[in-house]
Amino acid sequence: MAASGSQPLLAVRDLVKVYPDGTVALNGVSLDFMAGEVHVLLGENGAGKTTLARIIYGEIRPTSGEVIYEGRRVLFRGPWEAIRAGIRMIYQHFSLVGGFTVADNIALYGSRLGLSRREALEAARRLAEEYGFRIPFDARVSDLPAGIQQRVEIVKALLVEPRVLILDEPTSLVSPLDVEALFRVIRGLREKGVAILYITHKLREVGVIGDRVTVMRRGRVVATLPAKKATVDQLARLMIGERRLPEEPRIAAAGAAGERGAALRVENLRVVREGFEAVRGVSLEVRPGEILGVTGVAGNGQDELVEAIVGVLPVAGGRITLLGRDVTREPTWVRYRLGLAYLPGSRKLSLVQEMNALENLALGLLGAGKLRGPFIDWGWVAKLLVKYVEELGVVMHSPYAPVKHLSGGNQQKLALARILAVEPRVLVAVDPTHGLDIATTRIVHSILAEMRSRGMAILLVSSDLDEVLQLSDRVAVMNSGRIVSIKKPHEYTLEELGRLMGGAA
Amino acid sequence: MIGLIISLLVVATRSSVPLILASVGEVVTEKAGIVNIGIEGFMLLAGVVAAVVDYATGSPLLGLLAGAGVGFILGLIHGAASAKLKANQIVLGIGINILAFGIGVAVLNHVWGNPGQSAPLPTIPPIRIDGYFTTPMFLAAIAIALAAHYIMTRTTLGLEISACGEDPHSAEALGVKVETLQTLVTAVAGILHGLAGAYLVVDYIGQFTRDITAGRGFIALAIVVLSNWNTILALAASYLLGLAEATALNLQAILGVPALSDLLNTLPYIAALVAITIYGVKARAPAWLGRPYIKE
Chain A
137 MAASGSQPLL AVRDLVKVYP DGTVALNGVS LDFMAGEVHV LLGENGAGKT TLARIIYGEI
197 RPTSGEVIYE GRRVLFRGPW EAIRAGIRMI YQHFSLVGGF TVADNIALYG SRLGLSRREA
257 LEAARRLAEE YGFRIPFDAR VSDLPAGIQQ RVEIVKALLV EPRVLILDEP TSLVSPLDVE
317 ALFRVIRGLR EKGVAILYIT HKLREVGVIG DRVTVMRRGR VVATLPAKKA TVDQLARLMI
377 GERRLPEEPR IAAAGAAGER GAALRVENLR VVREGFEAVR GVSLEVRPGE ILGVTGVAGN
437 GQDELVEAIV GVLPVAGGRI TLLGRDVTRE PTWVRYRLGL AYLPGSRKLS LVQEMNALEN
497 LALGLLGAGK LRGPFIDWGW VAKLLVKYVE ELGVVMHSPY APVKHLSGGN QQKLALARIL
557 AVEPRVLVAV DPTHGLDIAT TRIVHSILAE MRSRGMAILL VSSDLDEVLQ LSDRVAVMNS
617 GRIVSIKKPH EYTLEELGRL MGGAA
Chain B
222 MIGLIISLLV VATRSSVPLI LASVGEVVTE KAGIVNIGIE GFMLLAGVVA AVVDYATGSP
282 LLGLLAGAGV GFILGLIHGA ASAKLKANQI VLGIGINILA FGIGVAVLNH VWGNPGQSAP
342 LPTIPPIRID GYFTTPMFLA AIAIALAAHY IMTRTTLGLE ISACGEDPHS AEALGVKVET
402 LQTLVTAVAG ILHGLAGAYL VVDYIGQFTR DITAGRGFIA LAIVVLSNWN TILALAASYL
462 LGLAEATALN LQAILGVPAL SDLLNTLPYI AALVAITIYG VKARAPAWLG RPYIKE
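So the protein lines, in turn, are chains A and B. All the letters of the first sequence, read from the start, carry residue numbers 137 to 641 under our numbering. All the letters of the second sequence, read from the start, carry residue numbers 222 to 517 under our numbering.
Since the hints were made in silico from the structure, they are not lab data. Don't take every hint at face value.
Sample of chain B residues lacking proximity to chain A, with all beta carbon distances greater than 10 Å (derived) [to be verified]:
#: 1; residue: L297
#: 2; residue: I475
#: 3; residue: Y500
Derived list of chain A stretches under chain B, where covered just means 3 residues or more per stretch with a C-beta under 8 Å from a C-beta of chain B [said to hold, decoys possible]:
#: 4; region: 342-356
#: 5; region: 534-547
In this text, a Cβ means the ideal position worked out from N, Cα and C, and glycines have one as well.
Just chain A, with the same shape it has in the complex:
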């Protein structure tokens, strides 16, 4: 239900935000948000969506411009003032205190709204029941999967019914089933007349949940249009602007590689982490020149599978064969020297943030046994760096600057450049495009496709369904520590995938 043409509940006028380092995050943004309307803010990373939300929420101050709420000009001194005024925000990375139990988090938040512990918990239980959320109130938050944490966030935000709800990329960390539950909640709140500000970079979500959509690019509003009428192509063009998108890599014909033996073979693998059997008898094969995609809801054993293959976690049962050699009991460095490479899901793990690009490359070469000590031939390392940095188009001012100053996309390209330089035969890649913008995502996808065509065997573990379906020759779905299905991508339907991931099939 879109609101009638009355006064907006919330509005921003000519907002400008310049960060201390000179970045112009917002460059004169004016928008209206109506009660009972889902207003989608669409844009790539760095478009200014989150900055806008944080200004409304009182977390940061605008350089100039104003926020008008309920007809009055407001300037919240901090989120708690916004919270008391009836505005709530659900962050992409949740704002729960990880070391606290769910109940403590609810009680702390409730206390800011003037609720006693008992009142807050009662309200939370009522909400959980209303939405059909099963929430373990006595569990420690850091032990809970992202989907449950999000439900806690939702319940927390709704303890006292808000007038404005801001959601920042709420679907980036959770499963399709959790997304369905979230959308039900959003629709219910819209019926009750809450103004909803929904931030996303996912084009497909716009028509599903939005009433109006505003596309932002580089700190400016590009267009505002009715969400149901906007096509995905139209939105993509608005979002990206005049830049040309890199071509999506075509799915290679599978089967050509199938004749040769497996480069990586896992047989009946079992992995126990902290007393919990996270991987329960997984078998799979990746052949040279093949991408095997593994997907599933986060926390169903994918991490443990990867860490066991890499050698970080000990194996409780089963066998891992790398290029014909049994490496089940071999330490990580032996596997790397045999030709295994690992691209972790977090770039904080893949690159040493405080060290520069040259040093990071040298560390990778050293791990793979390609760099012999004790003296380092920096000239050779630099030559390799230049070669691959040029090939992949990594933008960096200096090879001597700490990599933490590079953007996420450039860091990921650098990590991939290092993998190319190391020339592994088997690559385990986890969420390779998490947090990257569309253009960089496509570049990363083409790099992975190129690696495959060079004969690398790639195990792609990702919670991004589109990515897995697009790149993989075969797709495996994990649930509760088991692989519940392996098929070619086109043999799945989306509904089937949702059921398999949710453990309902």
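Given the structure of chain A, go ahead and fit chain B onto it with the hints provided.
For chain B alone, kept in the frame of chain A given last:
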């Protein structure tokens, strides 16, 4: 034998007081995310000021009060430097320890003309129960530990303090004034450290010596880990280590071999080391402990 055990248990009520006060204070400080390894220095400075006040006024209670005041001021300094100025908390603590030792010796020289020890001082009258002597400070220390436990587990203030140590960014987003709260918590805990130091002088020992704290501040830090940041367990562990100290003292008296006494004195420290090695593994520190919280 029974008599010996009872007497050890009673002596432990006196030797455990500084450990209880210091460790309970540090549990709360660390829950708020601030680590204070300068407890030893807090105790020493509070002790020397308590000695001077006690000496000048003849009132051990005023000495105790002065010690608490010194602890508060030092806590305010440590808290503000850590929370607001983002100083390195370890270096800060070491600095306070070194400074305190120097000031202690200087005051001893100046007031009593002796770099090692002061004159004997008036002490707080003990409580006598059935021929055994204990101190009212033991009851006060237990009351403080219980109160701290109640605040940390049953009040929103406790929840806010813990949130500062676990995730200051989230806490700030909820309107908790992280830096101010951390500073105040460190200052209030400083009162407890100050009381611990003053108690040694105006009650337990009855004079100030330059090494009067004898590592108790560091033992308190070990107890914090041992207790897994729980004030009740810190109370219990403090009493047990106080018992180890009492046992060491008694063994010296019974064996009467002076050469052994230094070795026996290490008993509480060895007990702390063994305990922390065995139980410290399971301990889970506040996630943001000792890390400067820097806002964007």
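A quick look at each hint next to the structure:
The beta carbon of L297/B sits about 24 Å from the closest Cβ of chain A, which is more than 10 Å, so the claim that it is off the interface holds. For I475/B, the shortest C-beta to C-beta distance to chain A comes to about 47 Å, beyond the 10 Å cut-off, and the non-interface label holds. The Cβ of Y500/B sits about 19 Å from the closest Cβ of chain A, beyond the 10 Å cut-off, so the non-interface label holds. Counting residues of the region 342-356 of chain A whose beta carbon lies closer than 8 Å to any beta carbon of chain B gives 0, which falls short of the minimum of three for the stated coverage.
Counting residues of the region 534-547 of chain A whose C-beta sits closer than 8 Å to any C-beta of chain B gives 0, which falls short of three, so the coverage hint is violated.
Hints 4 and 5 from the list above are not met by this structure, while the remaining hints are.
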